[in-house]
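Student: Chains as they are written, first to last, in our numbering: chain S, 1 to 130; chain G, 131 to 572.
Quick caveat, the hints were computed from the structure, so don't treat them as lab data.
Even glycine gets a Cβ: it sits at the ideal position worked out from N, Cα and C.
Please note that the accuracy of each hint is not assured.
[Said to hold, decoys possible] If you want a taste of the chain S side facing chain G, the calculated C-beta under 8 Å gives, among others: (1) D42; (2) I45; (3) S73; (4) S75; (5) G80; (6) G81; (7) I83; (8) D84.
[As the list claims (entries may be wrong)] If you want the ones that stay clear, here's a sample from chain G, every Cβ over 12 Å from chain S, calculated: (9) N192; (10) A208; (11) S277; (12) R315; (13) V322; (14) K357; (15) E416; (16) Q432; (17) P462; (18) K478; (19) T499; (20) Y531; (21) V551; (22) S552; (23) E557.
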Amino acid sequence: MQELDPFVFFAVFQEMLGFWLWLLLAVAALGIGSFVYALVKDRGIRAGRFVYAQIVGIAGGFAALFFMWWITSSSIRDVGGAIDVVLVLAIWVGGFLGGTILSYGLMGLTGRSRRETPVVTRIPADTKAA
Amino acid sequence: MSDIHSDHPMPSRRAFLKLALAAGASTGLLGLGQARAAIRSNARIVIAGAGAAGLAMANRLNSMLDGARITLIDGRKAHYYQPGFTLVGAGLKPASYVESTTGEFVPRNAEWIEEAVAEFDPDGNAVVTSSGRRVEYDFLVIATGLSLDYEAIQGMSPDLIGRDGIGSVYAGPQAAAATYAEMSRFADTGGVGLFGRPATEMKCAGAPLKYAFITEDTLTRRGNRSKAELIYAAHGGALFGVPIVSEKVRMLFAERGIDTVYRHVMTAIDPVRKIATYDTPDGTRELGYDFIHVVPPQRAPQAVRNSPLPWQDGPLAADGWVEANRQTLRHPRYDNVFAVGDIAGVPKGKTAASVKWQVPVAADHLVGTITGTPATSVYNGYTSCPLITRIGRAMLIEFDYDDNLVQSFPGLVAPLEELWVSWVMKETALKPTYYAMVRGLA
Ligand SMILES: Cc1cc2nc3c(=O)[nH]c(=O)nc-3n(C[C@H](O)[C@H](O)[C@H](O)COP(=O)(O)OP(=O)(O)OC[C@H]3O[C@@H](n4cnc5c(N)ncnc54)[C@H](O)[C@@H]3O)c2cc1C
Numbered sequence: 001m002q003e004l005d006p007f008v009f010f011a012v013f014q015e016m017l018g019f020w021l022w023l024l025l026a027v028a029a030l031g032i033g034s035f036v037y038a039l040v041k042d043r044g045i046r047a048g049r050f051v052y053a054q055i056v057g058i059a060g061g062f063a064a065l066f067f068m069w070w071i072t073s074s075s076i077r078d079v080g081g082a083i084d085v086v087l088v089l090a091i092w093v094g095g096f097l098g099g100t101i102l103s104y105g106l107m108g109l110t111g112r113s114r115r116e117t118p119v120v121t122r123i124p125a126d127t128k129a130a
Numbered sequence: 131m132s133d134i135h136s137d138h139p140m141p142s143r144r145a146f147l148k149l150a151l152a153a154g155a156s157t158g159l160l161g162l163g164q165a166r167a168a169i170r171s172n173a174r175i176v177i178a179g180a181g182a183a184g185l186a187m188a189n190r191l192n193s194m195l196d197g198a199r200i201t202l203i204d205g206r207k208a209h210y211y212q213p214g215f216t217l218v219g220a221g222l223k224p225a226s227y228v229e230s231t232t233g234e235f236v237p238r239n240a241e242w243i244e245e246a247v248a249e250f251d252p253d254g255n256a257v258v259t260s261s262g263r264r265v266e267y268d269f270l271v272i273a274t275g276l277s278l279d280y281e282a283i284q285g286m287s288p289d290l291i292g293r294d295g296i297g298s299v300y301a302g303p304q305a306a307a308a309t310y311a312e313m314s315r316f317a318d319t320g321g322v323g324l325f326g327r328p329a330t331e332m333k334c335a336g337a338p339l340k341y342a343f344i345t346e347d348t349l350t351r352r353g354n355r356s357k358a359e360l361i362y363a364a365h366g367g368a369l370f371g372v373p374i375v376s377e378k379v380r381m382l383f384a385e386r387g388i389d390t391v392y393r394h395v396m397t398a399i400d401p402v403r404k405i406a407t408y409d410t411p412d413g414t415r416e417l418g419y420d421f422i423h424v425v426p427p428q429r430a431p432q433a434v435r436n437s438p439l440p441w442q443d444g445p446l447a448a449d450g451w452v453e454a455n456r457q458t459l460r461h462p463r464y465d466n467v468f469a470v471g472d473i474a475g476v477p478k479g480k481t482a483a484s485v486k487w488q489v490p491v492a493a494d495h496l497v498g499t500i501t502g503t504p505a506t507s508v509y510n511g512y513t514s515c516p517l518i519t520r521i522g523r524a525m526l527i528e529f530d531y532d533d534n535l536v537q538s539f540p541g542l543v544a545p546l547e548e549l550w551v552s553w554v555m556k557e558t559a560l561k562p563t564y565y566a567m568v569r570g571l572a
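From just these sequences and the hints, can you work out the full model?
Tutor: Okay, structure coming up:
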């Protein structure tokens, strides 16, 4: 490999995913956008909702792994070297974060603002602006 | 870096970043995007052959030059992603996975003559097409790939592929699919399976090995491994041109129970009696088969062989490979001629990954001649081959002219280790990287 060039990576991802790249970016934007919206609206993380989101996230981690094995015609049996384990963990964490953020955000969009839910984390005023 | 680690390159932050960013990006296929300002020129550039190398060259020159007249000449309307033939032959992808069209990759302001080049006239700076049209040039890029000479094996013809236990993933998408049908039948019934490679130069020298591994794995998955005897007939004294890789494959073959015979060059096949004949140092030898994967001798296309362009002596002369400086890909006798891809008469590098590294170098030197500032970039023989060792694992083999292992992800993706990561790269990243390269983007 000659150079690390973000433009090349983007070109490759575009070839790889085609239309799905844009869908994926749209879903990611929706997830992050609604997550930030929920944080701002609730002025912090809502614990109950966050636990549900993390449960979805755990399922998301496994879903990402099984999806990867499915599209690459392989299985857990093929995971061999240390770097394979790193890749498995990375895919799982990716699926977990994606699932958590997206489901938390969506719950924030659709959920009622139940004031009685305790607010566990207060976001400092300066980060909220972002 | 501490002394203990001096044998092993430490995984650099850069390597990690590359791996993460690429999400398993493919091998050395990735490279530099171009952001240079275009150079004004009215040069006439003819590119003979619009496969991986010809199209990549056309797109690259098109973005480097403004006003140049680029003409691609190739009679083939279909474009094949050939590294995918192995996956079609493994039954993992349909033939359509590797098929696209030449037209979709031709740069908008380039001309495409849908004919073959019938004659090269480098002394007259012109080529003649199959309809007799003479096209003159200031620069010629030869990118005709190679021709598969099935007929050089007595009794063999591409029509036999997919019949009576004969397979060959090289001949095209349909042939690769037909090869899987025969291999799959063999994996159910068992018997003797023969594999091997020709004594000529060939594209992707790993592919014959991969197909032996894939067949072995398919038999094992179906619970029929014990019913089959697998024999790999090497043309010389080794299994692969790079000694360290050859040794690793030898060990894996031993582990998988794939027998090896050396110095066996296939010369004939009897499809009725199901016998393959080999030239060996001890005379001819016949081996019976129930399934055979035939890899034909490979040489320069006829029009190239009939021209003054090939090597006139040395090991690359007999099969007509175009004489080229191994570092710049420029023709030593005709300095306005370059050869890229499989047709280039350089010691290594008949892969799409080498095309990726050759094209920017040849383009630099061509443009350097136009501007009068000689280019300095050098092609080091880089070749890469994700060597599938079973369905789900591969070794990411990358090397240069000097048989050195080159690593895209030093300290992370070990070249001689069977890894899922390397398989994931082959499955997900190689094809998009190939197409990005053909479009001149990578
Ligand atoms: C089974 C198999 C597995 C492979 N696996 C890998 C892999 O894992 N990794 C990898 O990097 N590479 C792999 N390759 C190799 C890779 O596909 C080739 O090296 C690459 O396609 C070479 O590009 P090219 O442009 O030189 O030739 P090609 O892509 O073959 O294109 C040559 C073009 O020239 C045209 N042509 C021929 N004669 C003439 C003429 N007289 N006039 C005009 N045009 C002409 C042809 O029609 C064709 O379109 C594999 C190849 C095969 C067959």
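Student: Next, verify each hint and record whether it holds.
Tutor: Tested hints:
Given the 8 Å rule on beta carbons, the hint for D42 of chain S is violated: about 32 Å separates it from the nearest Cβ of chain G. Below 8 Å, beta-carbon pairs count as interface contacts, and I45 of chain S has none with chain G, the closest being about 27 Å; its hint is therefore violated. Because the beta carbon of S73 of chain S sits about 5 Å from the nearest beta carbon in chain G, less than 8 Å, this interface hint is met. The closest approach between the C-beta of S75 of chain S and any C-beta of chain G is roughly 7 Å, which is under the 8 Å cut-off, so the hint is satisfied.
Below 8 Å, beta-carbon pairs count as interface contacts, and G80 of chain S has one with chain G at about 6 Å; its hint therefore holds. The restraint placing G81 of chain S at the interface with chain G holds, with a minimum CB-CB distance near 5 Å, inside the 8 Å limit. Checking I83 of chain S against chain G by beta carbon gives a least distance of about 5 Å; that is within 8 Å, so the hint holds. Using the Cβ-Cβ criterion of 8 Å, the hint placing D84 of chain S at the interface with chain G is satisfied: the shortest such distance is roughly 4 Å.
Non-interface call for N192 of chain G relative to chain S: holds, since the shortest CB-CB distance, roughly 16 Å, exceeds 12 Å. At roughly 19 Å, the least C-beta separation between A208 of chain G and chain S is larger than 12 Å, which holds for a residue marked as non-interface. For S277 of chain G, the shortest C-beta to C-beta distance to chain S comes to about 29 Å, beyond the 12 Å cut-off, and the non-interface label holds. The Cβ of R315 of chain G sits about 20 Å from the closest Cβ of chain S, beyond the 12 Å cut-off, so the non-interface label holds.
Interface exclusion of V322 of chain G from chain S stands, the closest Cβ pair being 27 Å apart, more than 12 Å. With a least beta-carbon separation of about 22 Å from chain S, K357 of chain G lies farther than 12 Å from that chain, consistent with its non-interface assignment. Non-interface call for E416 of chain G relative to chain S: holds, since the shortest CB-CB distance, roughly 37 Å, exceeds 12 Å. Look at Q432 of chain G: its CB is around 34 Å from the nearest CB on chain S, clear of 12 Å, so calling it non-interface holds up.
No Cβ of chain S comes within 12 Å of the Cβ of P462 of chain G; the nearest lies about 26 Å off, and the non-interface call holds. Every CB of chain S is more than 12 Å from the CB of K478 of chain G (nearest about 18 Å), matching its label as outside the interface. For T499 of chain G, the shortest C-beta to C-beta distance to chain S comes to about 22 Å, beyond the 12 Å cut-off, and the non-interface label holds. Annotated as non-interface, Y531 of chain G keeps its C-beta farther than 12 Å from every C-beta of chain S; the closest such distance is 17 Å.
Some Cβ of chain S comes within 12 Å of the Cβ of V551 of chain G; the nearest lies about 5 Å off, and the non-interface call is violated. At roughly 9 Å, the least C-beta separation between S552 of chain G and chain S is not larger than 12 Å, which violates its mark as non-interface. Its closest Cβ contact with chain S, about 4 Å, brings E557 of chain G to no more than 12 Å, contrary to its assignment away from the interface.
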